[in-house]
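So the sequences go chain by chain: G and Z.
In terms of the UniProt record's numbering, the first sequence opens at residue 1 and continues consecutively.
In terms of the UniProt record's numbering, the second sequence opens at residue 1 and continues consecutively.
By construction, these hints were calculated from the structure, which means they are not laboratory data.
Keep in mind that a hint or two might mislead.
With beta-carbon atoms standing in for the labels, derived distance ranges [stated by the list, open to error]:
1) G/Val73 - Z/Glu179: 52 to 58 Å
2) G/Ser76 - Z/Ala292: 33 to 39 Å
3) Z/Glu296 - G/Val10: 51 to 57 Å
Yeah, the Cβ is synthetic: ideal placement off N, Cα and C, and Gly gets one too.
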Amino acid sequence: MAAIATAINVLGVLFLSHAVYSAYEHSLLPSASTPPPLSHSLLPNSLDPKITLPLDITLETLFSVLLLCAGMVLSSADLKPIQWRVWAGTLEASQEAREVKEVGVGGGNPYQALEERVGFWDVRGVGKATRGWMDGGGDKKGKGRA
Amino acid sequence: MPAPYLTAPISSDPRSALSLAAQAPTFTTSQASSWWSSLPYPLTLFLNTESQEKWTSYENLFLACLRTGDFPTAYTCLEALIARFGKTNDHILALQGLYQEATAQNMGELEEVMKAYDEVLKEDPTIFSVRKRRAALLRSVGKAAEAIADLTVLVDASPTDAEAWAELADLYLSQGGIEQAVYCLEEVLLVMPNAWNMHARLGEVVYMSAQKMEGGDQMKALAESMRRFCRSIELCDGYLRGYYGLRVTTGTLLDALQGAKKGQTTASDPLAGDLAPPSIATVKKLNELATAKLAEIARRGTAGEKGWDGYSEAELKAAKDLIDRDTQRIER
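I would like the entire structure built from these sequences, with the hints used as guidance.
Pasting the structure below:
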């Protein structure tokens, strides 16, 4: 998906630059400055460039804009969940969501702190248990979450 | 800062703490031996090595070293924290207390730590981190009643501290006071109503209390336990603990309801806010849903599919055992 989106973006940019350059080149030709037979221009006289562009340049510009819009939408990031239960479900079910990427970002279930309770940590009991586990051989499958 | 230092090594799995403690010495030396920190004071203002991750890492490494018994490195981390935040900072006072508790050799030294806490609290009774450490120390030496008294004062002073309520609930449960534990867990849910794991915990505790009751009261308690688990599943898709609890409570409730059909009916008083016990059809449907979901989670979790790898092995095994146990019963 990322490759297709990048390809579409690149094509869009190419077509746009081609169309813009073609328009510039076309405007330099002497035949372009002849005003159209019936000039109903919406622009006031001072702002009207009075140049006729061929249809294919216009079509190419529009096509390139469409391509760029499609490419930008496809290459944008995934939408994050807005429903609480979906978000909570990903925290419980996936290991990736539990990693702490920066302070305050990620970190899994924010209510896990109510069950771990760092403020009341029993350092002597847990320390003794850990040292006992280390002395007893360690690195067997530990209980609880990995 | 590499991310592994940002998770606190508090969980029941000791391996994370071991790996953190092993990396601690290299971290502390890397922080200390930078040539620019030996520049005179005005120039060090231009070179900022501060970041939030730095101090969180120091604290997590400190906790990991205390856990594995590496006290010299723990002291180095503590010194760095004191140098940055000062000796009288609330949180640093608690960390100092932690260090002294961990390095105490006998009851005498622990008594001194307790006296130190009391002195700090005499000067400033509002330092909650030290109050919590004091209650934790009382619990750790086995004085549960005093710990409960301490925590009661704490929650009286600060009723929105969910952590303290949760600890009080745990203490009551360890002393056999199930009703008080239920009350404390309900207080936790008042403060944090969307905590799905606390809904599951309350469901578990109410189920425990239901097993001691009889008749109509038991039915009411079982129904409440089932509703708590339902709420936890509403709050969290695919919550293994919630579905496990739902399965267990609906199983027991089905037996109780089918037994009660022949016997008395429960009196539910709508004025007192009681809900009527759920119908047998509803409970059966919930039971089937819970079984199906448990089977799905167990299957996908053990297969290790992407997005399903967060369940621990013990949980998955317990879920599978529960399903197998009941299928065996049906086969017989």
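Out of the numbered hints, which ones does the structure contradict? 3
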